[in-house]
Amino acid sequence: MVEIRLHGRGGQGVVTSAELIAVAAIKQGSFAQAFPSFGPERRGAPVQAFARIDNKKIRTREKIYHPDVILVLDPTLPKIIKVTDGLKETGIAILNSHLSENEVRIFLGNYWGKLALVDATKIAIEELGLPITNTTMLGAFIKATGLIEVTYVEEALKERFGRLAEKNIKALYRALEETKIFNSGV
Amino acid sequence: MRPELKDFKGFNLKNLPEFDGFAPGHRACQGCGTVLPLKLALKVLGPNTIAVSATGCMEIISSPFPYTSWRIPWIHVAFENAASVASGIEAAIKVMKRKNKISKKEKINIVVFAGDGATFDIGLQFLSGALERGHDFIYICLDNEAYMNTGVQRSSATPFGAHTTTSPSGKVIKGNITWKKNLMGIVIAHNIPYAATANPAYPIDLMNKVKKASLIEGPTFIHVFSPCPTGWGCKSEDSILVAKLAVETRVFPLYEVIDGKYVINKLIGHIPVDPGSLGKYGKYVLEKKVTPQKPVEEYLKLQRRFRHLTPEQIKIIQKRVDEEYERLVKLAEYFGIEE
Amino acid sequence: MGEELAKKIPIAIVEPLKIKKKIAKEVSIAIAEAVAQCRVDVISAYPITPQTHIVEHLAELVNNGELDAEYIPVESEHAAMSACIGASATGARTFTSTASQGLLFMYENLFIASAFRLPIVMVIANRSVSAPISIWNDHSDVMSMRDAGWITTFAENGQEAVDLVYHAYRVAEKALLPVAVNIDGFILSHVIEPIEFLDQELVDKYIPPLRMKYKLNPKRPITMGAIGVPEIYTEAKKAQDEALKASYKIIINAWREFEKLTGRRYQPVETYRMEDAEVALIIMGSLAETAMNAVDFLRERGKKVGLLRFRLWRPFPLKDFLKAIGKVKAIGVIDRAISHGATGGPVGIEVRSALYQSKKRPKVVNFIAGLSGRDVTVEDFVKLFEKTYEAMRKKTNFSYEIYGVKE
Amino acid sequence: MPKDEGLVSWKNLAPGMIILEAGNSVKFKTGDWRAFRPVLDKEKCIKCGLCYVFCPDLCYTKDEEGYYICNLYYCKGCGICAKNCPRQAITMVLEEEV
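Residue numbers (the numbering used here), protein chains in the order written: chain A, 1 to 186; chain B, 1 to 339; chain C, 1 to 407; chain D, 1 to 98.
Calculated directly from the structure, the hints in this document are not laboratory data. All of these numbers come straight from a predicted model, not from anything done at the bench. Treat the hints with caution; some may be incorrect.
[To be verified] Which residues of chain A face chain D? A few of them, derived with a C-beta cut under 7 angstroms, are:
#1 G44
#2 A45
#3 I80
[What the hints assert, rightly or not] Estimated spans, in silico, between C-beta atoms of each pair:
#4 B:Q293 with D:K62: 32 to 40 angstroms
#5 B:G170 with C:K219: 48 to 56 angstroms
#6 B:G170 with A:G129: 55 to 63 angstroms
[Unchecked claim] Below are the DSS-like pairs computed for lysine-lysine, each with C-alpha atoms no more than 27 angstroms apart in a straight line:
#7 C:K213 with B:K105
#8 B:K294 with D:K83
#9 B:K6 with B:K105
#10 D:K11 with C:K238
Cβ coordinates follow ideal geometry from the N, Cα and C atoms, glycine included.
Bound conformation, chain A alone (with noise of 0.2 angstroms):
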């Protein structure tokens, strides 16, 4: 099974990524489950939603604390909370960020383990005129974990956005194009 946490900010549209991801892997046969932390975080305050994806029925109700996987949707998150708390070794750190890889990983508080990196600020206004990188961080996401196949996320998408997808879709795929992924640098 693996677990998945992403990191934003009230009204970043945090939820909607993960339910998304819950979404596209149920459509493509797999098992999921996605849920926010149940907080009364307001707009602007730091907030975390989780994922699991499995090929077998989830039975687990815990909270996540040690994700396999961690999404960060707001490049200035990693100053005010550890994103990386509780990662596995094996686990992969997503970033949205126009840094490079070794000030992403000194930012993250010296983390040497896999990373993945995009400008997903950038994608999106570009893409969809808006700083929200909800949809965009999901191409990101199926570069670097190859979890879902990208046309079941597309196929979300659609459904969730309905005329608005277009541009969504577009910003799904320059992210799926640009993000780079560095291995554990250690």
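Take the given structure of chain A and dock chains B, C and D to it, following the hints.
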């Protein structure tokens, strides 16, 4: 004129009390227009105040254990009973003073902060009871026009046409189909000594009204227009602008009802730009020159909750706003205070 | 059976009893006067049959200047408890009274008052719960609040009702927990009986002035009612639970003190002729006095029977109960409320659960009787004893039987 | 992230879980919520105090010269002060990432 107000002098930007009963570090959204009037009210009421909150945004953002933003005694019991809890506190203070269990010297303000859901809907009966019994307390309804804490569900304070998650703008039904409940009408029918509407875009006016309410003996009520960028879909920096437009388009007129006598507050701009006139602005009594009424569309277009409205619906809203303002003007003429 | 039974009971010759200071009083009025003696500060009153005489008389006392208190004629029972919470949190001694639908309407506040550790005293004139609507007496209202964290006591007669009011204020303010004193609607609330009141000096000694360490006071601001985030809610509930357990000792001591003042003895589990009893009935409230006559009747016929009553219902007096049942072979638990869909009535379930924690294995049968004021006579109690004997001999293990229902 | 544990022992809770330290939310930083920061141009500022009045997060305090200084420990970057300054003396500047 109310005896308690005979030497009441209004506030201005220079003579504001230092004290803040509300502390920073609260969890309200960026640009919250509901916590702003709360902060201003507590600044006026001062340390000798006991606050009661109903369940709602302001209670949640101010009291996530172990943190509290309340620098004064504060109690939150349930969603609908803030007015009754306040009645109990007021009765306790009265009898304990009489029995010399607490000092008679200072007056202790008792203030309720409750949202529109807590006041217009679930707590209306409790409010009516407390007003009717004549308890000496201030009830401040911070009205952000929907159940914001639970995620923007419709309340009876939600305006006509507005999108909320339970009055969505659908293909067939375009947003909220009812008109905002006239709570002031209901409150005034209780013949309480003081009721007023207030708006954070006019902070001095708001603070003056809270001060008056605290001076007046008996139940007083302030209906505060409280913008919510998250719920209304406007930019957080526009909270004040949206609030100002609500007054300038007469969607939310500012007025006071003192012993049943209506006074419409006519304000010049919200804050005159040139500092020279600050003094003049400070003088509370109103200028005759009123900001000309703006079309309601200017107010509506800044908010995503109204974006789906058809020109036809906007016309209906404009007509209703004009009618209601006319009615208010007549009330002021007929029941107004002789200047 | 009735006539035969009547012939058997010798007509009691009533000598003029040398009653010390007893005054004839309707129990509701007596309760109101006891509350007044406790120098209550704030009364929030809303009428509901059969409790109305209590709040009416308190209004008389206040308006005639005999009681210096603030009387809030609230607009509902929910508001009644809300006002009590506000007043108590401000440090005032508070009182309210309710019944049946009133208790259910203020229900939300019951859990908040106890969690806030507020020493509120409430008298419940027990009355069935709708539907069907019934103004008559049973215990379905109080039984619905058994998880709300209130100290809960039961009176069987007017004197006990008055004594338990004094006791309630002493306990509430020492344990910092709300107390519900239960009297049977109509059967007690509307009956006139001889009542002996404590002299005022003794009341003042027994109930010292209220000093709340934490209260709503601008000189020492506190925050009450903060959010119980997942990181603290469990601890907050544990603290509250321990406080209710700890109140047990406070309750016992308060009864001991009371006995010194009046000679009247109260225990968490009261017994009647249980010394060598082999079969016992358990009941709560005023019907216990009727049941005692059935015990006497059967004892005179050589039957070793006894009666147990819970004076204290919450916190549940487990140790006292297991001691009080002695070596009985069979217990007939008489509930006065139905717990729909459960394996028995509320008291039946509690008794079986208590016994499970001891080696004693008496046969337990659970009856539900006296709903909505239906009379339970001495004759009925004799029958209930016989049913319990039957259960002792046969392997009947039905979960509960609604007694006296017309099939 | 530790498994869910209690914040404090139940024995150390005040009765009714009341909070005894009034206004202790001052210890909680909300400044990291912002993406933009207000910057004051003292030349333009007329010290009218509107930013102080309009700030929903009580960030502004007066310094000795009478200017109103924003406490960035709390500022959530909502932009109300900048938008409502009568002299446009406050501009919102993007918070640098690192």
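Each hint tested on the structure:
1. Evaluation of the G44 of chain A hint against chain D yields a held restraint, the C-beta minimum of about 4 angstroms falling below 7 angstroms.
2. The beta carbon of A45 of chain A is positioned within 7 angstroms of a beta carbon in chain D (closest approach about 6 angstroms), and the interface hint is therefore held.
3. Interface hint at I80 of chain A: satisfied, since its Cβ lies 4 angstroms from the closest Cβ of chain D, which is below the 7 angstroms cut-off.
4. The supplied range of 32 to 40 angstroms is met by Q293 of chain B and K62 of chain D, whose beta-carbon atoms lie about 37 angstroms from each other.
5. Roughly 55 angstroms separates the CB atoms of G170 of chain B and K219 of chain C, a value that falls within the hinted 48 to 56 angstroms.
6. Here the CB-CB span from G170 of chain B to G129 of chain A is close to 26 angstroms, at odds with the stated 55 to 63 angstroms.
7. The hinted pair formed by K213 of chain C and K105 of chain B meets the criterion: a straight-line CA distance of about 22 angstroms does not exceed 27 angstroms.
8. Proximity of K294 of chain B to K83 of chain D is assessed by CA-CA distance (about 20 angstroms); at most 27 angstroms being required, the pair is judged to hold.
9. Between K6 of chain B and K105 of chain B the alpha-carbon distance is near 21 angstroms, which keeps this suggested pair within the 27 angstroms criterion.
10. Restraint check: the Cα-Cα separation between K11 of chain D and K238 of chain C comes to about 9 angstroms, which is no more than 27 angstroms; the hinted pair holds.
Consistency note: the structure conflicts with earlier hint 6 alone.
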